[in-house]
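*Asks:* Protein chains in written order, with numbering that gives the first Met the number 0: chain A, 0 to 300; chain B, 0 to 300; chain C, 0 to 300.
Since the hints were made in silico from the structure, they are not lab data. C-beta: ideal position from N, C-alpha, C; glycine also. A hint or two may mislead.
Some chain B residues judged to face chain C by a derived CB distance under 8 Å, without partners named [claimed, not checked]:
1) T47
2) S52
3) V285
Listed next, the in silico SDA-like pairs over lysine to any residue satisfying Cα-Cα at most 25 Å (straight line) [stated by the list, open to error]:
4) A/K236 - A/I203
5) B/K184 - C/E79
6) A/K30 - C/G61
7) C/K196 - C/D170
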Amino acid sequence: MNDLISMRDLSKDEVLYLIDLSEKIEKGECKPDMSRKLAALMFYEPSTRTHFSFATAMKKLGGQTITMRGTASTSVQKGESFADTLLTIAQYADLIVIRSAIEGAARYAAETVPIPVINAGDGANQHPTQALLDIFSIKKTQKKLEDLTIGVVGDLKFGRTVHSLVQALSDFNPRFYFASPSHLKMPPYILDDLTQKKIAFEEIREVEKYINTFDLMYVTRIQKERFADPEDYEKIKGSYIISESMLKEVKKNFKILHPLPRVDEISTDVDATPYAYYFQQARNGVYMRQAIIAALLGGDK
Amino acid sequence: MNDLISMRDLSKDEVLYLIDLSEKIEKGECKPDMSRKLAALMFYEPSTRTHFSFATAMKKLGGQTITMRGTASTSVQKGESFADTLLTIAQYADLIVIRSAIEGAARYAAETVPIPVINAGDGANQHPTQALLDIFSIKKTQKKLEDLTIGVVGDLKFGRTVHSLVQALSDFNPRFYFASPSHLKMPPYILDDLTQKKIAFEEIREVEKYINTFDLMYVTRIQKERFADPEDYEKIKGSYIISESMLKEVKKNFKILHPLPRVDEISTDVDATPYAYYFQQARNGVYMRQAIIAALLGGDK
Amino acid sequence: MNDLISMRDLSKDEVLYLIDLSEKIEKGECKPDMSRKLAALMFYEPSTRTHFSFATAMKKLGGQTITMRGTASTSVQKGESFADTLLTIAQYADLIVIRSAIEGAARYAAETVPIPVINAGDGANQHPTQALLDIFSIKKTQKKLEDLTIGVVGDLKFGRTVHSLVQALSDFNPRFYFASPSHLKMPPYILDDLTQKKIAFEEIREVEKYINTFDLMYVTRIQKERFADPEDYEKIKGSYIISESMLKEVKKNFKILHPLPRVDEISTDVDATPYAYYFQQARNGVYMRQAIIAALLGGDK
Numbered sequence: 000m001n002d003l004i005s006m007r008d009l010s011k012d013e014v015l016y017l018i019d020l021s022e023k024i025e026k027g028e029c030k031p032d033m034s035r036k037l038a039a040l041m042f043y044e045p046s047t048r049t050h051f052s053f054a055t056a057m058k059k060l061g062g063q064t065i066t067m068r069g070t071a072s073t074s075v076q077k078g079e080s081f082a083d084t085l086l087t088i089a090q091y092a093d094l095i096v097i098r099s100a101i102e103g104a105a106r107y108a109a110e111t112v113p114i115p116v117i118n119a120g121d122g123a124n125q126h127p128t129q130a131l132l133d134i135f136s137i138k139k140t141q142k143k144l145e146d147l148t149i150g151v152v153g154d155l156k157f158g159r160t161v162h163s164l165v166q167a168l169s170d171f172n173p174r175f176y177f178a179s180p181s182h183l184k185m186p187p188y189i190l191d192d193l194t195q196k197k198i199a200f201e202e203i204r205e206v207e208k209y210i211n212t213f214d215l216m217y218v219t220r221i222q223k224e225r226f227a228d229p230e231d232y233e234k235i236k237g238s239y240i241i242s243e244s245m246l247k248e249v250k251k252n253f254k255i256l257h258p259l260p261r262v263d264e265i266s267t268d269v270d271a272t273p274y275a276y277y278f279q280q281a282r283n284g285v286y287m288r289q290a291i292i293a294a295l296l297g298g299d300k
Numbered sequence: 000m001n002d003l004i005s006m007r008d009l010s011k012d013e014v015l016y017l018i019d020l021s022e023k024i025e026k027g028e029c030k031p032d033m034s035r036k037l038a039a040l041m042f043y044e045p046s047t048r049t050h051f052s053f054a055t056a057m058k059k060l061g062g063q064t065i066t067m068r069g070t071a072s073t074s075v076q077k078g079e080s081f082a083d084t085l086l087t088i089a090q091y092a093d094l095i096v097i098r099s100a101i102e103g104a105a106r107y108a109a110e111t112v113p114i115p116v117i118n119a120g121d122g123a124n125q126h127p128t129q130a131l132l133d134i135f136s137i138k139k140t141q142k143k144l145e146d147l148t149i150g151v152v153g154d155l156k157f158g159r160t161v162h163s164l165v166q167a168l169s170d171f172n173p174r175f176y177f178a179s180p181s182h183l184k185m186p187p188y189i190l191d192d193l194t195q196k197k198i199a200f201e202e203i204r205e206v207e208k209y210i211n212t213f214d215l216m217y218v219t220r221i222q223k224e225r226f227a228d229p230e231d232y233e234k235i236k237g238s239y240i241i242s243e244s245m246l247k248e249v250k251k252n253f254k255i256l257h258p259l260p261r262v263d264e265i266s267t268d269v270d271a272t273p274y275a276y277y278f279q280q281a282r283n284g285v286y287m288r289q290a291i292i293a294a295l296l297g298g299d300k
Numbered sequence: 000m001n002d003l004i005s006m007r008d009l010s011k012d013e014v015l016y017l018i019d020l021s022e023k024i025e026k027g028e029c030k031p032d033m034s035r036k037l038a039a040l041m042f043y044e045p046s047t048r049t050h051f052s053f054a055t056a057m058k059k060l061g062g063q064t065i066t067m068r069g070t071a072s073t074s075v076q077k078g079e080s081f082a083d084t085l086l087t088i089a090q091y092a093d094l095i096v097i098r099s100a101i102e103g104a105a106r107y108a109a110e111t112v113p114i115p116v117i118n119a120g121d122g123a124n125q126h127p128t129q130a131l132l133d134i135f136s137i138k139k140t141q142k143k144l145e146d147l148t149i150g151v152v153g154d155l156k157f158g159r160t161v162h163s164l165v166q167a168l169s170d171f172n173p174r175f176y177f178a179s180p181s182h183l184k185m186p187p188y189i190l191d192d193l194t195q196k197k198i199a200f201e202e203i204r205e206v207e208k209y210i211n212t213f214d215l216m217y218v219t220r221i222q223k224e225r226f227a228d229p230e231d232y233e234k235i236k237g238s239y240i241i242s243e244s245m246l247k248e249v250k251k252n253f254k255i256l257h258p259l260p261r262v263d264e265i266s267t268d269v270d271a272t273p274y275a276y277y278f279q280q281a282r283n284g285v286y287m288r289q290a291i292i293a294a295l296l297g298g299d300k
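One chain only, chain A, in its complex shape (with noise of 0.2 Å):
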């Protein structure tokens, strides 16, 4: 594992192993050492949350970071390739995590420099690291992998988080309950590859119908940005809300999951049932990054 720029190019063991170490550094079994060694966070999209949980990762490791924003007050305004840009940085820091707008924006710059690299979300594409610490949650809340009943609510159309989570779980043998505004459905290609792999599913139009079997539910936002039009995002965002009184009679190891951040699509009287775990999912996400950085920079002792 030189870089890590989209799910498809985890073995299942690696995912395996990946998910071991994030259970070992969070119980303080493992300890990498990240001392002198610094992360470049080339962040070209804003993304509060991602870069918090990498410089969080990096720090509570003993490691350092140098944010780079956007393009404003870069050399990027003397008319600087992007290529000369990752070279250079190249020159200062021992990982790269880069974020962007444009799809392939990672493979490029894993392509480009000799140090690692990970893709902390390329457009639409692909967001592995978020991948990784959904499948890590999964794992903490269910003890297991394998056989679960997962409910995917939201947005799957835009959504890059689910399409790396169902391509990454279609190894562990699932059944999808896909529910979604219509013009908001999980895209052809997804679904013709989990046909192919003769991964169960169903797209619903109601999650209260299928709630009480489900072991765990993953919803999204709604993102009033993919909307061109305001209005159509308006009529959109109120469906799909979950409410504590849908969760009566649930599984007793069912739990909810969210990317965050949430608007209004779980309520907040949700927040106090044992089935929220979205917060918790967030923390985890900082074991997961320190995790990938271990195994990228070679602390993993």
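Go by the hints and put chains B and C onto chain A.
*Replies:* Just chains B and C now, with coordinates in the frame of chain A:
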């Protein structure tokens, strides 16, 4: 002590404890270790000096910081609630330092998250770490806190710094002289409070007449941004300027404090006199903030 | 050595000492420890690369940084003088690194504060750490500094980098060839200085005719922002482009240096040749800045 939100929450003993701890940290007799600890600095209002002071305090203890500024490029744009932002940050950091223009923001944060919160200024309300570093500075310059004669000069109406300080010194039998332009006087509720506590104070117009009786003088900036009409500011700003010529017969132990930044309320010719203490006061702020962090995070060995 | 403001302040011995220290740091023979030390990076002018290089240098020595950018969200807005800002920062940090568009800003800072100051570029005046890393790069590539034949190409009028470098190399008996568009020639005061020191130089129009005699060639960007009329820039920018085809018969020890960012003055087909040294040069900058920090803060054991 779980949080530091308001001076009113602190007992006299807690104040004295923090002063003692600050002294020990300054002398190197106590070296708290914040390695692998992370403070989230949430600055919703610009403040170079307070931000730098906290960042310095944490970093010189071996700790690390992550900074969130304003609301641009944050999840707030995406419609996230303040509570959710706080709960997410609390998954990453060990401590939150928050500055906001909104009164009560820090208290709300403390009630929302399980980790310690420090109020770094909430609107016109409280700025307790400033009050504590001021008291620490008074103790260092006067070798005591009791029975001091203190001039307080400048904008006494809007200056939260002097409000907190006057309240905090009330436990130590002070005598106050308040000098301000007539429409920027100390608010009645503070004067009432002093009367009730039987603390001697006098409102004066001319500083020069009284300065030779002062043990110390606390000067504040008359803040342009508090005036609706710029002309009112221009009329006022020259008043109460302290110059070297006023210091001919002051007490030997006399010191001038100022929370900084200064504009022209203290002439630069004062800087070279033994009475100028404002830059050292800024340095004291680092020691006091280190003491507060250590007290909250339990690293005060 | 208390500050680093201008190459003119450094003796030849001091330059050689810094080169030697940089080499030892690169080889790991010297490991300065900046734990719990703080560098304030005051960048009043955008400069990704210089900022990152200093931040990297400090952090990879175990130290920490705080960064002040521009004037927005700083005390300058509140009417604070530059001297007061400096004096306050000096209470927090152990070292100030300053970059400003104003000539003499760094010198003024050094005269104002008691802590060491490093000039990271003051307008068209000096950029001594760049000159030092350039000399360090020359030493590494040529194994010596004496008696070198050096082509200097590009914008020689406004390029402070080449001015500092030419002055710095004057101690080592160089032979210079200066190639630039006619209205971007090396300023007369520099040529006069070389004449007085009896250093051989020639102003040339065509690089190709002389390139095979060069030990190294220093290429600079023709900076768009220096031109009042964009058309003038467009006319000029294609001139003096270095391409692989020009390098057929260069000396074996020949290397191309460039302070970066590059626009198109060196074709990317040069990058894969053994003559391209500009990215390694950027890395050398980290070692040199570490050496300078260690020399100023006394951690050079």
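*Asks:* Decide, hint by hint, whether the structure agrees.
*Replies:* Checked hints:
For B/T47, the shortest C-beta to C-beta distance to chain C is roughly 5 Å, which falls under 8 Å, so the interface hint holds. The interface hint given for B/S52 holds, since its Cβ lies 7 Å from the closest Cβ of chain C, which is under the 8 Å cut-off. With a cut of 8 Å, the hint placing B/V285 at the interface with chain C holds, because the nearest CB-to-CB distance is about 6 Å. A C-alpha spacing of about 17 Å is found between A/K236 and A/I203, which places the hinted pair at or below 25 Å, so the restraint holds.
Simply put, B/K184 and C/E79 have alpha-carbon atoms about 24 Å apart, close enough for the 25 Å limit, and the pair holds. Restraint check for A/K30 and C/G61: the C-alpha separation of about 18 Å stays at or below 25 Å, so the hint holds. Under the criterion of a C-alpha separation no larger than 25 Å, the hint pairing C/K196 with C/D170 is consistent with the structure, at around 9 Å.
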